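Student: Sequence:
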Amino acid sequence: MEKKREEEGSVIWIDEDEAESSLGSCILLADDAEEIPLKRENTEEALDEEVIVTFCKRAKVMPHARYDCPTHPFEQGECETSCPLGRNAETCSECYCYICDKVAAECKDWVTPSFCHCNAHNKSKFWKDQWNSALTGSLSQFNLELSEIDADIQHGGVLLQQFMHDVSVEYNKYLSGNRIAPDFPKCLCHRNLRPGKCEKCSSFPLYTVHSYASVSELVTAFLNLAEKERPKTEVIMLMGATREIALHKDLTPFAQNVGHLVSLSQAVPCLMSRITRRLQRLLVLNDFPKPLYNKLTAFYHSIPFPVHCHIFSNSLNFAPWDHCLLISVLKGQNVTGQRTLKGKKECLCETVAVVEARIERMEGCRQYKELIRYLKVVKCNDSKWLQKWQDKVPFYLCKSGDFVGAAQALFIVYPRSCCAACRLSLLQFEVYLKMFRSGQAPFGNDMEGSVLWGPAGTPVKLPVLLKQMFKLFYCNVSLYTSPKCWSSMIKIFASHPVVGADGSLTAITLKEPSQELQQVVSEESRYVVEQLTQTPHSNVTFSKHFGQDSSLEAGLIFVVQAVRHMILMEHNSLCSFLEIVLAFGNNLWALKLLLESLAYHEEAVRNIVSLLLADLCCHKTEMLGLWQHWGAQYVGELLCLFLTSRDRNLPSVGISIINIIVENLPMCPWAKEVSKFLQKSTKPFGWADYEVSTFIAISQSSLCLRLPRVCQLPSPLATSEQDAPSSKDFRLLTATEGSAWRGEPHTPSSKVDASPSLTRTWKKEVESLKYQLAYKREMSSKTIPEFLKWIEDGIPEDPFLNPELMKNNPWVEKGKCTIL
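Quick note on numbering: the UniProt record's numbering labels position 801 of the sequence shown as 801, and the sequence is numbered without any gaps.
If you are wondering where the hints come from, they were derived from the structure by calculation, not from laboratory data.
Only a predicted model underlies this, so the values are computations on that prediction, with no experimental measurement involved.
All residues carry an ideal CB built from backbone N, CA and C; glycine is no exception.
Treat the hints with caution; some may be incorrect.
Pair by pair, the computed Cβ-Cβ distance ranges are [as the list claims (entries may be wrong)]:
no.: 1; residue 1: G405; residue 2: L146; range: 45 to 55 Å
no.: 2; residue 1: D322; residue 2: V377; range: 46 to 56 Å
no.: 3; residue 1: R646; residue 2: E622; range: 35 to 45 Å
no.: 4; residue 1: E523; residue 2: E663; range: 18 to 28 Å
no.: 5; residue 1: H537; residue 2: R230; range: 49 to 59 Å
no.: 6; residue 1: N143; residue 2: P231; range: 49 to 59 Å
Listed next, the in silico EDC-like pairs over lysine to aspartate or glutamate satisfying Cα-Cα at most 16 Å (straight line) [stated by the list, open to error]:
no.: 7; residue 1: K379; residue 2: D402
no.: 8; residue 1: K331; residue 2: E356
no.: 9; residue 1: K392; residue 2: E346
no.: 10; residue 1: K592; residue 2: E663
no.: 11; residue 1: K392; residue 2: E356
no.: 12; residue 1: K680; residue 2: E602
no.: 13; residue 1: K676; residue 2: D689
no.: 14; residue 1: K484; residue 2: E530
no.: 15; residue 1: K680; residue 2: E637
no.: 16; residue 1: K123; residue 2: E75
no.: 17; residue 1: K620; residue 2: E579
no.: 18; residue 1: K125; residue 2: E78
no.: 19; residue 1: K123; residue 2: E78
no.: 20; residue 1: K290; residue 2: E145
no.: 21; residue 1: K60; residue 2: E90
no.: 22; residue 1: K544; residue 2: E523
no.: 23; residue 1: K125; residue 2: E94
no.: 24; residue 1: K461; residue 2: E523
no.: 25; residue 1: K484; residue 2: E579
no.: 26; residue 1: K108; residue 2: E90
no.: 27; residue 1: K128; residue 2: E78
no.: 28; residue 1: K379; residue 2: E346
no.: 29; residue 1: K173; residue 2: E145
no.: 30; residue 1: K592; residue 2: D647
no.: 31; residue 1: K376; residue 2: E356
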């Protein structure tokens, strides 16, 4: 060997035989060469065997597990976690934690009770499982493959691992308990001695109280955190929490009276109930991979539930989406929800949480047909809750486009309950009627709160619709006697068959059919109503009038006869009738047909007249707003309808309307047009002629010139002062400005506020004019003998003949009145 190069602290050795070639050469950098004992005989042996000893150095201690430490002895134990064994807590600078894979000084649980990682070694199965758990987090207990652990599952394992650590600490505190002294009288010796120093007092035993409250609060906080995570993360967290609290032992005596949070046997079932309901929703709403789903359910079934939680052991034993029975039900192959497998009867019976989750998922996927089949056969532990969803089957049929089937489904009777028709509310009835007639349905899954509507199928034919509607009234007595229900039905049949995009109705004015058609359809409608009243499920037929171009008018006439039948049967139980009158809108010919059909039923007419008078008295402001919206033509026709009626009771309704207009004449700019309409009427007003004449005289006198310039009344729905006109909107028009109200050009004039004094003056003037008309009527109605006797008795002082009174009367002016 030849030394080619030598430097301080290092030597390079090269084989001289292979110096010329770099192939196969052996070079070594040696430190501390003086410490290397090179013996000649070793060198010669190496030369003979072509082996060269190039370096020799003292071993350096490398990083190692605590049980392999050459410096400190280690004492092995199988699963000791309460405290360090022997000198296991002592470490060198290179000792690592076997569980955490960190330097021992950085391990948080090195000597922590319940963990004691200093005792961990690779010869114990317990510590090997802990090592595996630390390697994959807490996911090792789920037996998941590495390919199944994605980011969400891994995140759930990290959170679960931290929870297991925290809950273990709190559970140990629960096991240790709090030692509390009994409530005995205080010892007098304690005044001189510190507590516990008295021999007599120290003889009393201390009681240990185990409170589970801190553990329960920690678990609750963890569940709240889990609900904010993604589905896979949440299911891992919930499964792990279930296992942790299921292994906790109850140390509280049964005789001890404590709260439900303090007692483990009461707190754990409450937590389990919340966890299982959430797990059921997660497994139903989400499409977990089949292997992952099976491993999760297998892990849940492996949990050793204690006695007080045994009821939750089968909580996840529900049919998955690919179960044969469930698939056959959803596809319509099984209409009973039952099957026999190997001689054992199997039934589709599920909990509330599972049924609710399935409904939510099928609604979201718009699988309405499958949802209908499922609701018809599924059984639940809460039958009343299930009934609410079964009542929505007709709505789901409408969503799927089967409106005829929906109309028939209203009368399907389910086990332990009657049909859905008998539980319909007023709003639901109105929505169903609009859907059946229009062929449209709400876009959302909320029947009553949906905003947008759209076409869904073919509407129900008019004869079928009328028949099903009357059957519904027969089943639901509360709807049959509700004026709001009848008014809604009249509005729907007096509106356009197609509803708006928001589900609103568009009122239409139907042309009055001929008297012959009205009579024919009315007689047929009465016969059908009588038949359906006697036998609701009878197979009645309708004539061609209900299928031709006049189907809208025929449908409204049928509704009129149905209302007539209801009045004759239930007029004593009615609470209002004004809504029914207003529901006809401009189709007053239908209202007239209704009133004429009641001509020979005096008691019923008397009752509805009393209801109308009471309603008009209570809703004056609303009626004024509606009359202004509909216009003078509608008000005039409505007055003629009541005032010219042959019935002696109905004109009182017209007189009540006239009184409301006269009392609020400044708010009725259309009153003069109404009076003109009444003047043109060719029909006699009967005993109401005097009231009509008074109204015409008042509305056409200068009184009607006192009008609001802005002809707008406060809306009945106005809720703020901004919606109502202010006093500045009203002005007093003189006689010369009357042409302005009639639409002719007018000159500006001064404004006068409608103060309370002006209103009182106007009312006095109205009474004065009424007195004048009454005076004229009294004189014109007397015969000659009566007139002579009336003169002998003394003529009452006539304001028109007394110059003094004429001066004080503002209405006695030239061109404004005529003295008889």
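Student: Now, for every hint given, state plainly whether the structure supports it.
Tutor: Structure-based check of all given hints:
1. G405 / L146: 45 to 55 Å: For G405 and L146 the Cβ distance comes to about 52 Å; the hint holds.
2. D322 / V377: 46 to 56 Å: violated, 18 Å
3. R646 / E622: 35 to 45 Å: Given a distance of about 29 Å, which is not inside 35 to 45 Å, the answer is violated.
4. E523 / E663: 18 to 28 Å: Check failed, 43 Å falls outside 18 to 28 Å.
5. H537 / R230: 49 to 59 Å: 53 Å Cβ-Cβ, so the 49 to 59 Å window holds.
6. N143 / P231: 49 to 59 Å: violated, 20 Å
7. K379 / D402: Judged against 16 Å, a Cα distance of about 25 Å means the pair is violated.
8. K331 / E356: With Cα atoms ~19 Å apart, K331 and E356 exceed 16 Å; violated.
9. K392 / E346: violated, 26 Å
10. K592 / E663: violated, 27 Å
11. K392 / E356: Roughly 13 Å separates the two Cα atoms, so the pair holds.
12. K680 / E602: violated, 30 Å
13. K676 / D689: Answer holds: K676 to D689 is near 15 Å, not above 16 Å.
14. K484 / E530: violated, 23 Å
15. K680 / E637: holds, 11 Å
16. K123 / E75: holds, 12 Å
17. K620 / E579: holds, 14 Å
18. K125 / E78: holds, 8 Å
19. K123 / E78: The hint holds at about 8 Å.
20. K290 / E145: Distance of about 13 Å is within 16 Å: holds.
21. K60 / E90: violated, 20 Å
22. K544 / E523: Distance of about 14 Å is within 16 Å: holds.
23. K125 / E94: With Cα atoms ~25 Å apart, K125 and E94 exceed 16 Å; violated.
24. K461 / E523: At roughly 21 Å apart (the allowed maximum being 16 Å), E523 and K461 break the hint.
25. K484 / E579: Distance of about 7 Å is within 16 Å: holds.
26. K108 / E90: Holds. K108 to E90 sits at ~15 Å (cutoff 16 Å).
27. K128 / E78: holds, 10 Å
28. K379 / E346: Between K379 and E346 the Cα gap is close to 12 Å, so the pair holds against 16 Å.
29. K173 / E145: violated, 35 Å
30. K592 / D647: Roughly 12 Å between the alpha carbons, so the hint for K592 and D647 holds.
31. K376 / E356: holds, 14 Å
When the structure is compared with the earlier hints, violations turn up for hints 2, 3, 4, 6, 7, 8, 9, 10, 12, 14, 21, 23, 24 and 29 and for no others.
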